[in-house]
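Listed in order, the protein sequences are those of chains A and B. Residue numbers for the first sequence follow the working numbering, beginning at 1 and rising by one. Residue numbers for the second sequence follow the working numbering, beginning at 1001 and rising by one.
Hints are computed from structural coordinates only; laboratory data are not their basis. Check the hints yourself; a few may be wrong.
[As the list claims (entries may be wrong)] Partial chain B-side listing against chain A, Cβ under 7 Å, derived:
#1 Gln1053
#2 Thr1054
#3 Lys1113
#4 His1117
#5 Phe1124
#6 Leu1126
#7 Pro1169
#8 Ala1175
#9 Ala1238
#10 Ser1241
#11 Pro1243
Predicted model, so just to flag it, every value in this text is computed and none were measured. All residues carry an ideal CB built from backbone N, CA and C; glycine is no exception.
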Amino acid sequence: MIVADRKPLDEILASIRDRRKILVMACGGCVTVCLSGGSKAAEVLASQIRMARDKEGRPIEITLATPERQCEPEYLAALKAEVESAETVLSTACGVGVQAMAEHYPERIVVPALNTKFMGYPVQHGLWEERCAGCGDCVLEWTGGLCPVARCAKKLLNGPCGGSSGGKCETSTPENPVDCVWQLIYDRLKRLNRLETLGRIRPPKDWRTATETGQRKIRFEEVML
Amino acid sequence: MKAGSRLERVLAAGQFAVTSELGPPQNADPEPIRKKAALYQGKVDGVNITDNQTAVVRLSSIASAAIALPCGVEPIIQMVCRDRNRIALQSDLLGAAALGIRNVLLLSGDHQKFGNHPSAKGVFDLDSVQLIAMVKGMRDERKFLCGDPIKDHEPRFFIGAVENPFADPFEFRVARLAKKVEAGADFIQTQCVFDLPRFEAWMKLVVREGLHRRVSILAGLTPVRSPKALHYMKNEVAGMSIPDELIRRMEAAKDPKEEGVAICVELIRKVRQIEGVAGIHLMPIGWESIAPTILERAGLLPRPEV
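Only chain A is shown next, with the shape it has when bound in the complex:
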């Protein structure tokens, strides 16, 4: 799922500095699961904003809404009345949700309350780790199901660099331990008796499938109207 993290309150307050009436738009999708932008997180944010503004002597009127998913037009259309009665929409969705709102309501200012981080996996309660970089050319078949594009600090495709030590990446620190994904790949392929796959030289990656051509698109002609 998409994992996001809330922006610092001061940054959010600055983005709605002159506003007197805002709509805090939560999202019932990924950001609810990662606890950063669901209805509960949005309520907490709304009360923090109210308190800060009351303290400044400039109270703010806040309404709340939580569509099932902010990234789909069907859910956004249903929120027309709420959106139009607010000066600004403060979205606690991921970057896709914020842009979907802006696209759907071109007359409204939409500002983000979150920093969208990555596509990740909850490795333990309250801890998410990046798993996929959306590079558009999946390599997991020969890497034992562990992605070096997303998880190696140098995106290496031909094995670990000289900084892999004791299973950790050279960028690892005691405060922020980072596993060397190539150590994990090696261990897993060894267990699966498939180490020979690592002996082959992998050619340079074609980054056109990743972000290098600007906006990427997927077409599914059969369902196009």
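Please arrange chain B on chain A, whose structure you already have, making use of the hints.
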């Protein structure tokens, strides 16, 4: 001859090779490069010129090499994957060859978080294995990476790569070396050897795979001036193995500088006895002036005529 550099000729003649290292300054002054190059003149077979080492901005490796070349040393320009994509790398390879540079050393590069611009975007368009294959393709197939032909004047380099016998996973280190050899590495410089038993174990695997016959392996060696330097490398540098015994020896020394030189000379003599070691790469980080003394005491001077 692939590139005809002195290093290539020394190794082809079966002589024990010596390379060293020169770190460019953090400003636009050519003088420190000339001074350090003068120290090495006639004493080594090639001098690595580091490429923004530890991700700290320094005078460019290729420009430094062009400054060092008339001082009578043969530069080995280092090229890392961190700062340039395949377009810039190939362009710089053409430029380096046109300037008369004949040796390259290709590596992934320290992560940008360690340097003075930790907020920089790391490029890593290619990895080191792919970079080696690209440089070989430009030389031997006269082709750019995209397949377009290079119409005469192809860049001809003696291709170096690195390997770290002290990094993990240990068993994969030889497999990765094999990939670099397969990709086109002509010589290998290793990470600094302090942990001799581990280096010997790695070399045994290298010899067992017959890789020493396909690539020339130069053992990396670093003279240290104080026990502090060893502590630093042990604790702060990923993928280094420093035996405690060596630290104790440096701590007990009355004259740590002299002890550091003695240790380095001993290590040179020992690695020279190991089957498959074709030379040494001396990395006197920030202590270039000691290199001639060490080489003299290790019996590596004068350098052979080739």
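field: Hints violated by the structure (listed by number, smallest first)
entry: The structure conflicts with hints 1, 2, 4, 10, 11, although it agrees with all the remaining ones.
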